[in-house]
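Colleague: Now for the letters of each chain:
Protein chains: 2
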Amino acid sequence: MLNKRLKNIDLKKIKFHDSFWNRYIDLVDDVILPFQWELINDNVENAEKSYCIQNFHVACGDIEGEHQGVVFQDTDLAKWLEAVAYSIAKKSNPKLESIADKAIDLIARAQCEDGYLNTYYTITRKPRWSNLYEGHELYTAGHMIEAAVAYYEATGKKKFLGVVCRFADYMCEVFGEEEGKICGYPGHPEVELALVKLYNVTGIRRYLELANYFVRTRGKEPNYFLSEDSFKNQNFIFPEFKYFDLKYSQSHQPIHKQVTAEGHAVRAVYLYSAMADLAFEYQDEELLKQCDIIWNNIVEKKMYITGSIGSAAFGERFTTDYDLPNNTNYSESCATVGLAMFSNRMFQITKDGKYMDIVEKALYNTLLAGIAMDGKHFFYVNPLEVVPKIVENNPTMRHVKTNRQLWFGVACCPPNIARTLASLGNYTYAMEGNSLYINLFISSKLEANLDSGKVILDLNSNYLKDGEITLLVNPENENQEFTIALRKPSFTKNATIKVNGIVNKYHFDKGYMYFNRKWKTGDTITLNLDVSFRYVRSNPRVRDNIGKVSLMKGPLVYCLEEIDNGPYLSSIKIDTSIIPKEKYNQTLLGGTMCGLLQGMRIDYSKTGDKLYDEKKPIYVEDTFLAVPYCCWNNRGKGEMLVWMREK
Amino acid sequence: MLNKRLKNIDLKKIKFHDSFWNRYIDLVDDVILPFQWELINDNVENAEKSYCIQNFHVACGDIEGEHQGVVFQDTDLAKWLEAVAYSIAKKSNPKLESIADKAIDLIARAQCEDGYLNTYYTITRKPRWSNLYEGHELYTAGHMIEAAVAYYEATGKKKFLGVVCRFADYMCEVFGEEEGKICGYPGHPEVELALVKLYNVTGIRRYLELANYFVRTRGKEPNYFLSEDSFKNQNFIFPEFKYFDLKYSQSHQPIHKQVTAEGHAVRAVYLYSAMADLAFEYQDEELLKQCDIIWNNIVEKKMYITGSIGSAAFGERFTTDYDLPNNTNYSESCATVGLAMFSNRMFQITKDGKYMDIVEKALYNTLLAGIAMDGKHFFYVNPLEVVPKIVENNPTMRHVKTNRQLWFGVACCPPNIARTLASLGNYTYAMEGNSLYINLFISSKLEANLDSGKVILDLNSNYLKDGEITLLVNPENENQEFTIALRKPSFTKNATIKVNGIVNKYHFDKGYMYFNRKWKTGDTITLNLDVSFRYVRSNPRVRDNIGKVSLMKGPLVYCLEEIDNGPYLSSIKIDTSIIPKEKYNQTLLGGTMCGLLQGMRIDYSKTGDKLYDEKKPIYVEDTFLAVPYCCWNNRGKGEMLVWMREK
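As given, the protein sequences belong to chains A and B, one line each in that order.
Quick note: to get our numbering, add 145 to the position in the first sequence (first position is 1).
Quick note: to get our numbering, add 145 to the position in the second sequence (first position is 1).
Accuracy of the hints is not assured; some may be wrong.
Identical copies go unnamed one by one, so any copy, or any two together, can satisfy a pair.
[Unchecked claim] Pairs of lysine-lysine, DSBU-like flavour, derived with a Cα cap of 30 Å:
id, residue 1, residue 2
1, K534, K402
2, K534, K392
3, K782, K693
4, K782, K387
5, K638, K760
6, K761, K792
7, K377, K303
8, K446, K693
9, K655, K751
10, K236, K303
11, K728, K599
12, K761, K160
13, K521, K158
14, K392, K760
15, K643, K434
16, K633, K751
17, K693, K751
18, K693, K633
19, K755, K655
20, K751, K638
21, K377, K402
22, K434, K751
23, K240, K302
24, K365, K633
25, K761, K499
26, K633, K590
27, K655, K761
28, K760, K534
By construction, these hints were calculated from the structure, which means they are not laboratory data.
This is chain A alone, in the form it adopts within the complex:
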């Protein structure tokens, strides 16, 4: 019997006031969401056309035209609405809510009589569900459902929820093992986790059962996708699909046999998230164990130190254990979002801090690297080593960009980043009964309704600078007894905790420090975590990182940039016997703790013109400046390097 699952705290009850994170969080409300609305309405000059809203108008018959954009173009609107929901949940925004309401009206009008909702198939009149492998109908449905659930939770308004319930009811009639039903499942998982959310908010069990059906049918023999016309005739919407194997879509074997992370990284982590949900809902300990095995395969064999996944661009996919090239990888921003989703679910079910360590790594590094500090430019692909001249001239790296882009043709990542930032509270805190979990150390004020009564907690974090975090506890009732669980990050060598200045005993379990106590108004917890700079090395089975080190401070991975260190970053050797110096720069990148490293570099002025020669290069001593990886490429195009050679 599994424990109770931890729950999110209502986003309305969490107010962030963090000098680091609010840069990004505030961008979502103030810049990204208004900007993305203009983008999906094709009102931004010089941006690639989205056609997203236009497609809905065509589907409604408001205007004439054809469907444009990719088959899953509708998800841009869904993910935008989901982010809007989280945003207005945190902070009322009548203007944004009114725009969202109108967008929901448009969606409702685009829904077919029978509940079906998808502008591509509606406009093109192609047969529904005829290409589950590539058609993305269920994927698109999943994002609609997630948005509708979030919007209902944020506003209490039921219209959008009603739309997706009608759609889900229709899907329940269409899919299943029963005769006359389609016994298929989505090529791109997503609807499964969405249906679990819809079940949780409506209590309608058939939604959970449909999710369960989709997941448990996946990959069974004979493989459903092979029976579809696209496979049989090798006539694909996406021509490259003919080169993909069934692992690409995690349908190479039944899910209960899958113990390694395979295929397209986003598909994979969305599927694993649903598997975790179902393990809990069905109290299936075997499945939960399997999720943990897959999760371990990712984080101990297939994950970049920045919390990104997907070692190959072709197929945007996992490759093999310990294959982590730094410059040809895909490391899609969306896959990192999915990894955080999967890890957060595993944490909520198991209360094991190891999962939250990865959430933290993913959010602090790759998620933020995906977005520019102006909130308007995005990376889909997140390499750990970039030499612009090579990236721009060697088509092996044609998926890599040397500057963040305004908006891509396939706009999955920007709204995915936005909805994650807008729902940051769901990762930061969790609760259950009379226990409050503090997972991420982001300055914020929250109000939690524990069994023992309401608690107001003010968290002030200096986590990224000196590792000191203070929590001011204000319980509703004097001497209110409850448990505060503080995460102890796995990188921390020392953690000291004081309550009102006195070192306090605590119970430590799976990465969490548990205090049970009768709390008084004004009780102050002071947590000191060791976040001094540290050099981290790869397992030497990772060919690309042999002889190299990376620099970390707390959860942040650091990197070298050309603007600070000149070109030919690969020629630098770091002397790791010398402790890196902290150097806070008030003006750099909105205020940044930099690392000053000692080492040497090749003197290129003494290098001849010969391509091959017996002579050795000449090294000179030098000092190097490292900045957080998440901030890279905010000062123009240039080289960047995470894994540095070690002297």
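With chain A held as given, fit chain B onto it using these hints.
Modeller: For chain B alone, coordinates are given in the frame of chain A:
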């Protein structure tokens, strides 16, 4: 005014008896050519179908059917015939010649009334010359012409030459600046150098002029390719062409403005070969200078140490200066053949040994790596670093094979390797007037007709072992005066030359040691070249080779293989302060000089399971065995590494 151009020596007059090279040369006659004939006749089980001969029968109307294979499938037969020509020029082979004669009859029957010859366009009845960018008609024509010229030179038979002259006459009517003619040029250069050969053998100047027209028109504004339907409608035979720029086909600017090597590597070096030919034929010193600039750009900025070119698989192309990744590169065997062709032409025109250094590098390393020691398996792609598990699971390297393949769908490389091996004499020696050039030190006996009379020369080479080469000179006339020019490879620090045991004076010029002397029967030249093992480093502008060394001995690049050194070759650090030991192994790979290197490697038994950790790996001292790169992968699948980390 350019000097006279050096000439090839009649292949009939060169007999190789070299323990290293004859392994491969004999394979061509005994194994490769008979085997390839079966392959292009689709008689080899488990090999991919070629359809090459079948297409000719369909084109003749012998059988009904459609064209199968790629648009340039005819070139398999052309390149096979060219190799047969060189082979029977060296050593009479009536059986092979009779097969070749019949194949030529078939080609002649497939020729159209007006001289046009191409089974793809004949069978499909697609409009001729409608897609010069991709259609490969002129490319295919070029290979037919090269084959016919070689066959005529080998056998004196004129039938095939007549066929291609009729074709060339027709092309002269079709292409040109005059009104009513097509003012285009080939997407894939090849016909240009072939037309120069045809001119040289027939003396018909319009063939030279057509070659000149093609080369000088290339890349002029408005670009011809952009006027073709395939470009205008973005409807390509090869879908990936829509992603290629004009640099891909070296048509981005007029050739007199091109000073860097760009685009598809095979296309490039075939074009540059023709440019060199035309520079000589038109006595165009500017063009020759430009060829030298491009050649320098290749060998000093874009060439692997193994003499291969093409840093990217997508587009099989050059990328940018100093971009030489070792595991994702293309380095096509055919491109190396083309580089040897270009370099040999430049040498023949300038008599500069720097060009021959590159011919030697290309032939000894990449050309031979392209072929298995069984003569039946081939590499198209020649990486310098292979980890099979990664290559097989990371689609970034899906172009790389971990074992040589029997025959590929597009069979360009195997016949290209065969024709190069069969014509090795054209690279080994050259002559002009009263001078005999010895370029490569391959044991052989030759007869050269110099102005002063015939000379028989017996070269016995221990080049790869100890660098001692002896030449027994037998002039037709006693005291016959002539010049022997011996190449001094640029890597050689010391070269001592004795004639009949006495150190001799010589004139040194651009890499050649010139002896002019009255030669007597039995005069013996002894050349001692320093071929001791040496460590070679890359220019540190090559990011991928920073901190690494390669091992060379004479012209041979060495590598580490897993079968000798275990896995994780990247973890090895070589102590280059210790001189590598020579270790001759009589049985290994047909008798091979190995290198024994001292260094250290990571002890993986002491490596934990963590992916990221602060602890350093533990190194242990070890000895490593290096073998010639050209012999790699002849003992099963495994890791291979050229650039080793330096301690």
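Colleague: Decide, hint by hint, whether the structure agrees.
Modeller: So, going through the hints one by one against the coordinates:
Taking the shortest alpha-carbon separations for K534 and K402, only the inter-copy value of 22 Å comes in at or below 30 Å, while the best intra-copy value is 44 Å. Taking the shortest alpha-carbon separations for K534 and K392, only the inter-copy value of 16 Å comes in at or below 30 Å, while the best intra-copy value is 34 Å. In this assembly of identical chains, K782 and K693 lie within 30 Å of each other by CA distance both inside one copy and across copies; the values are 24 Å within and 28 Å between. Within a single copy, K782 and K387 get their C-alpha atoms only as close as 36 Å, which misses the 30 Å cut-off; across copies the closest is 27 Å, which meets it.
In this assembly of identical chains, the alpha carbons of K638 and K760 lie at most 30 Å apart only when taken from different copies (14 Å versus 44 Å within one copy). Taking the shortest Cα distances, K761 and K792 sit within 30 Å of each other both inside one copy (16 Å) and across copies (12 Å). For the homomeric pair K377 and K303, neither the shortest alpha-carbon distance inside one copy (42 Å) nor that between copies (51 Å) is at most 30 Å. Taking the closest pair of Cα atoms, K446 and K693 come within 30 Å of each other both inside a single copy (17 Å) and across two copies (26 Å).
Within a single copy, K655 and K751 get their C-alpha atoms only as close as 54 Å, which misses the 30 Å cut-off; across copies the closest is 26 Å, which meets it. For a Cα distance limit of 30 Å, the shortest separation of K236 from K303 inside one copy, 20 Å, qualifies, whereas the shortest one across copies, 89 Å, does not. Taking the shortest Cα distances, K728 and K599 never come within 30 Å of each other, neither inside one copy (41 Å) nor across copies (80 Å). For the homomeric pair K761 and K160, neither the shortest alpha-carbon distance inside one copy (57 Å) nor that between copies (42 Å) is at most 30 Å.
For the homomeric pair K521 and K158, the shortest alpha-carbon distance inside one copy (28 Å) is at most 30 Å, but the shortest distance between copies (72 Å) is not. With identical chains, the CA atoms of K392 and K760 are never at most 30 Å apart, being 48 Å at best within one copy and 35 Å at best between copies. In this assembly of identical chains, K643 and K434 lie within 30 Å of each other by CA distance neither inside one copy nor across copies; the values are 36 Å within and 78 Å between. Within a single copy, K633 and K751 get their C-alpha atoms only as close as 49 Å, which misses the 30 Å cut-off; across copies the closest is 28 Å, which meets it.
Both within a single protomer and between protomers do K693 and K751 lie at most 30 Å apart by alpha-carbon distance, with minima of 25 Å and 18 Å respectively. With identical chains, the CA atoms of K693 and K633 are at most 30 Å apart within one copy only, with a shortest distance of 27 Å there and 41 Å across copies. Only between protomers do K755 and K655 lie at most 30 Å apart by alpha-carbon distance; the minimum there is 17 Å, versus 57 Å within a single protomer. When the C-alpha separation of K751 and K638 is checked against a cutoff of 30 Å, the pair qualifies only between copies, where the shortest distance is 23 Å, while the shortest distance within a copy is 43 Å.
In this assembly of identical chains, the alpha carbons of K377 and K402 lie at most 30 Å apart only when taken from the same copy (26 Å versus 50 Å across copies). Proximity of K434 and K751 under a CA criterion of 30 Å is satisfied inter-copy only: 28 Å between copies versus 58 Å inside one chain copy. Only within a single protomer do K240 and K302 lie at most 30 Å apart by alpha-carbon distance; the minimum there is 16 Å, versus 88 Å between protomers. In this assembly of identical chains, the alpha carbons of K365 and K633 never lie at most 30 Å apart, being 41 Å within a copy and 67 Å across copies at closest.
When the C-alpha separation of K761 and K499 is checked against a cutoff of 30 Å, the pair qualifies only between copies, where the shortest distance is 23 Å, while the shortest distance within a copy is 45 Å. Taking CA atoms no more than 30 Å apart as the test, K633 paired with K590 passes inside one copy only; the shortest distance there is 20 Å, against 79 Å between copies. Taking the shortest alpha-carbon separations for K655 and K761, only the inter-copy value of 26 Å comes in at or below 30 Å, while the best intra-copy value is 50 Å. Only within a single protomer do K760 and K534 lie at most 30 Å apart by alpha-carbon distance; the minimum there is 26 Å, versus 34 Å between protomers.
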